[in-house]
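Novice: What follows is the residue order along each chain.
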Amino acid sequence: MWREISNYIDGEVDAALRWEMDEHCKVCKRCASVLAGTRNVVVLYGDERMLEVPAGFSRRLEKRLARNASGGEQRWSSWSAWLVPAAAVVLIAAGVLLMNSLTFRNFIQSRHAQPGNNVPADLVVVVSDGSKVFHVPGCPFIHDKASERTMTAKEATRDGYVPCTRCLRQYLKTGRVRHSAREVAAATGADMDEDSQAEFLSTAAN
Amino acid sequence: MALNITVKNPEQAGSARDADLIAKVQSGQHELFYELVRPYERRVYAAALAILRNEQDAEDAAQEAMLKAFANIRQFRAEARFSTWLIQITVNEALMRRRRERTVVMEGIDDRHSGAGEAESDYAPRDFADWREIPSETLERKEVRQRLAEALATLDEKYRQVFVLRDMEHLNIQETAEALGITVASVKTRLLRARLMLRDLLAAGWKQGWFSRLPFEKGTKPW
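Going down the list, the protein sequences come from chains A and B. With this note's numbering, letter number 178 in the first sequence gets 178, and the count goes up by one each step, no holes. With this note's numbering, letter number 103 in the second sequence gets 103, and the count goes up by one each step, no holes.
Quick caveat, the hints were computed from the structure, so don't treat them as lab data. Honestly, I wouldn't trust all of these hints.
Simulated crosslink set (DSSO-like; lysine-lysine; CA at most 27 Å straight-line) [stated by the list, open to error]:
| id | chain 1 | residue 1 | chain 2 | residue 2 |
| --- | --- | --- | --- | --- |
| 1 | B | K158 | A | K63 |
| 2 | A | K145 | A | K132 |
| 3 | A | K63 | B | K24 |
Covered stretches of chain A, going by a simulated chain B footprint (3 or more residues, C-beta under 8 Å) [what the hints assert, rightly or not]:
| id | segment |
| --- | --- |
| 4 | 2-9 |
| 5 | 13-22 |
| 6 | 36-47 |
Treat the numbers as computed from the prediction; the structure is a model and nothing was measured. No residue lacks a Cβ here, since even glycine has one placed at the ideal position from N, Cα and C.
Take the sequences, apply the hints, and build the full model.
Specialist: See the structure below:
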């Protein structure tokens, strides 16, 4: 009987069982006492007056909520709090990539090129579009004469150009490039007459 | 515990007042949040106290629960009662806090009839031949409320938590089960036992004169 008292009080027994329990309580003082006492417990503890808070609780809660609302807007949306740092990371990454791309342009542009060795900084040299080397003026191996422009060797080196292996070979670091004057002339098919070629190659060798 | 909860009966969407305030808070009127939760302060505190058994910890947990409710108010869906949602956040917060602090809870007096390992449903209520009902008007007296609170505090925590959520916070059986992470059957069993033990304690208290200085008793007159 008493195992169902809680369900009985909550109205969760079927009509047949409820009737049985009602009939039993009419004749069983103990069960009637248990039922009434349990119902009394539910009524007393269910009363709002049983819910008490410490003195000042409301005031402290209100203050904390107000403080949070005024200064804690970041609590409102957890995802937006990540927006600013995420954007900063993206911008920094983009900046690094951009800088790297600019820097690389200044690196040696040809894998076959060799860095210069003691090239006089103020030596006037010529560069042109589509080429990665700088030449002495008049070098027959200048790639695109129409776009050639002059600058100092220092500037050309800074911009990533390397000495021409023909006209500036004496400045090559490793000195690996060795061509005979005739080989150079034959390989380039430069548009020079023989005298001009000979004069140029003689100048380059010196 | 997910903060998005749904109950089957859409009529449990809460009062019109709650719905109106919730909509305003969700639209940006944050200052109205306290107005929304004020009617539930006591229940939130009581739920936390039932688990933490320490007034300061319970107040901290109650405040944290309110802040979490505020932070997640946009996730609240009108299909559930706002009070239920708030109490469940509070229970969750109190349980987490207790796990973090690893509070050693002084286990209250269980029942005089059971021994170790006895099934929950085997509790037998005591027979009180001269049992008397305690009138609810006696709750106006602080000492009566204190006696009742002391009796509640002696319960084993698993019974106390179920009893507080069900009979004091007025969560239904399903909501109580979800809040505590136990089955409906366990809620019913523990609730029965809690109610019977409190009945025994209150009846015993009556015999011991807990309420002996009441101005009147049911059915009798003071003169």
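Novice: Going back to the hint list, which numbers does this structure go against?
Specialist: 1 and 5
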